[in-house]
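**Q** From first to last, the protein sequence lines stand for chains A and B.
Numbers 1 to 123, taken from the numbering used here, label the letters of the first sequence in order.
Numbers 1001 to 1464, taken from the numbering used here, label the letters of the second sequence in order.
Derived by calculation from the structure, the hints in this document are not laboratory data.
Treat the hints loosely; a few may be bogus.
Claimed, not checked - To give an idea of the interface, some chain A residues facing chain B are shown, with a C-beta separation under 7 angstroms as derived from the structure:
| # | residue |
| --- | --- |
| 1 | K12 |
| 2 | R57 |
| 3 | L115 |
To be verified - Computed Cβ-Cβ distance ranges for the label pairs, DEER-style:
| # | chain 1 | residue 1 | chain 2 | residue 2 | range |
| --- | --- | --- | --- | --- | --- |
| 4 | B | H1255 | A | F74 | 22 to 32 angstroms |
| 5 | B | Q1238 | A | K110 | 47 to 57 angstroms |
| 6 | A | S79 | B | A1164 | 50 to 60 angstroms |
To be verified - Examples of chain A residues toward chain B, derived with CB under 8 angstroms:
| # | residue |
| --- | --- |
| 7 | E108 |
| 8 | E111 |
| 9 | R112 |
| 10 | V120 |
Just so it is clear, CB atoms sit at the ideal spot from N, CA and C, and this is done for glycine as well.
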Amino acid sequence: MSAPSLTSYIVKRPWLKRWMMPIANWYTDAAGYRRLGLKADDLIPEESEVVQTAIKRLPPKEAYDRVFRIRRAFQCSVSHTLLPANEQTKAADDVEYLSPIIREIEKEQKERADLDSLVVKRR
Amino acid sequence: MLSRSSLSRNAPRALQKQCSAAGINSRRSLASAATPGLQYDVTEAAGVKLANREIAGPTATLALVAKAGPRYQPFPGFSDALEQFAFKSTLKRSALRINREVELLGGEVSSTHSRENVVLKAKFLSNDLPYFAELLAEVASQSKFAAHELNEVVIKHLKLRQQALAASPEQQAVDAAHVLAFHRGLGESITPSTTTPFEKYLSAEALAEFAQQAYAKSNIALVGSGSNSADLSKWVGQFFKELPSSGSSGQYQLHPGTTSKYHGGEQRISSKAGNAVAIAFPGSAAFGTSGYKPEASVLAALLGGETTIKWTPGFSLLAQATQGFSQARVSTKSHTYSDAGLFTISLSGKADHVASASKNAVDALKKVAAGEVASEDIKKAVALAKFRALESAQNLETGLEATGSALLSGGKPYQIGEIAQSIDAVTEAQVTDVAKNFLSGKASVASVGDLFQLPYGEDLGLTV
């Protein structure tokens, strides 16, 4: 799931973060998915066990909205149009909704792997 | 991985002493009814009621009894779900970690529920007491009630349990008899039947709210066996401090237990899973309450139906009466609860055999009411009833819950000597009187299975 990223390095340094944020905002907006009404988390590839489990764990409303956004974006893509400005995703709405669940599942899997390869030292 | 505070504190200690535990050889000789080791010392630690019996030995048991069974649940399925949620993820560690830690220390954790209580139980090597006391406290106070655990594990288990119930006509019949006898409260079925729409009430938030009340200090009792009393109260005092003394009030609070009232009636459920008839009468409440009638347990032993010895039907009246029906199984039980009881005769097997055997069973009961029973048989029944009561008190599985339940309902804990005395004092006349009362009052008759062949209560000669 995770590509190499400088995010945590930058976020830890407030001065650097302040400096990078405008660039980041501009970049995300330029990526164009917001014009199709999508959120960043909609772009996560679904074809993995972890993401599939995470999608199943979404609350019903979130899951419905996700499918709606994806279908709408697909329709826009087919007809080569962009959504009207009032229907496009606003920066404030573009929040993580799936990633926290994915992180939780990854944590669970890591814990399982760690416990499976655990060496017990008896004193 | 093992350096988490929860395990590191105790695990090295436990592992170190594990080898020496086998060497402790301070086992007591055969326990008699008066053995002080079988009596519970009752104390209170950090506001939690605590009963303990010190039986020296390498292993110990600690159980948390919460007054949150179906009788007290706000909506159907809540007690089942609460029981299934025990030892799942808590705020401190995941369900997997709990499982692996318990495996590593060597122990057993389990949860069950009866009509009145939810019981969380841990069995372990005596040295691991602090770890398991902490675990129980954590489960009670910090369970996470994650929505995905509810959907992925708990509800699936619950559905399997419903199917198991639907596949057992006898259990269904006894459940239906409880509904007839007590309507609500004690009548709430132990597991919701397959047709109960319980999913619409269940949600993780609702359960979390319910659990807060169910595991509040005033609503639980801890029962230990095998640990040192001083140690136990020390660790319980330390770990159970954080438990709220009473839960917040909301929509999903415990149902206030209304006093049970006996109603009676008849219910017929068609089913393809098999055939069963349950005939029930108002019975005896648990020991130590005002409704306790030792006669009921003697009558249950006298009517019996299940043999206690191999290759013979035994002395019990129902076993004799139904000897010709090889395809029917009979058993008589006295279900005792904190303020009421139900005396049930249940028959299951082939439809025609069950139908004729149930007639014979009622005839046998009538014979007892008429006093046509050999005093020899009553003596045997008294001995058997005494054995059963003492055995269930001594037995860990039943004794722990009975003790916890008694503590919660304000009665005295199961005291073995007194039970034995009260059963010994039962006379023949008392047993006859109980049977007479059964026949004169209203019975609860539930039949499950092939209703074309199964009899109505009236056909059996009962008033319903």
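**Q** Can the hint on A:E108 be confirmed by a CB-to-CB distance to chain B that is less than 8 angstroms?
**A** holds (7 angstroms)
**Q** Do B:Q1238 and A:K110 keep their Cβ atoms within the hinted range of 47 to 57 angstroms?
**A** About 32 angstroms separates the Cβ atoms of B:Q1238 and A:K110, which means 47 to 57 angstroms is violated.
**Q** If you take the shortest Cβ to Cβ gap from A:R57 to chain B, is it below 7 angstroms?
**A** holds (4 angstroms)
**Q** The hint says 22 to 32 angstroms between B:H1255 and A:F74; measuring C-beta to C-beta, is that right?
**A** violated (50 angstroms)
**Q** Hey, does the A:K12 contact hint survive, CB to chain B under 7 angstroms?
**A** Result: violated, 25 angstroms to nearest chain B Cβ.
**Q** Restraint: A:E111 near chain B, CB-CB cut 8 angstroms. Satisfied or not?
**A** This hint holds: A:E111 lies near chain B, its Cβ roughly 6 angstroms from the closest one there, short of 8 angstroms.
**Q** Does A:L115 meet its interface restraint, that is, does its C-beta lie within less than 7 angstroms of any C-beta in chain B?
**A** holds (5 angstroms)
**Q** Is the gap between the beta carbons of A:S79 and B:A1164 within 50 to 60 angstroms?
**A** holds (54 angstroms)
**Q** With 8 angstroms as the cut and Cβ atoms as the points, is A:V120 at the interface with chain B?
**A** This hint holds: A:V120 lies near chain B, its Cβ roughly 7 angstroms from the closest one there, short of 8 angstroms.
**Q** Double-check A:R112 for me: the hint is only fine if its C-beta lies closer than 8 angstroms to a C-beta in chain B.
**A** Hint on A:R112: holds, closest Cβ of chain B at ~6 angstroms, below 8 angstroms.
The structure is inconsistent with the numbered hints 1, 4 and 5, although it conforms to all the rest.
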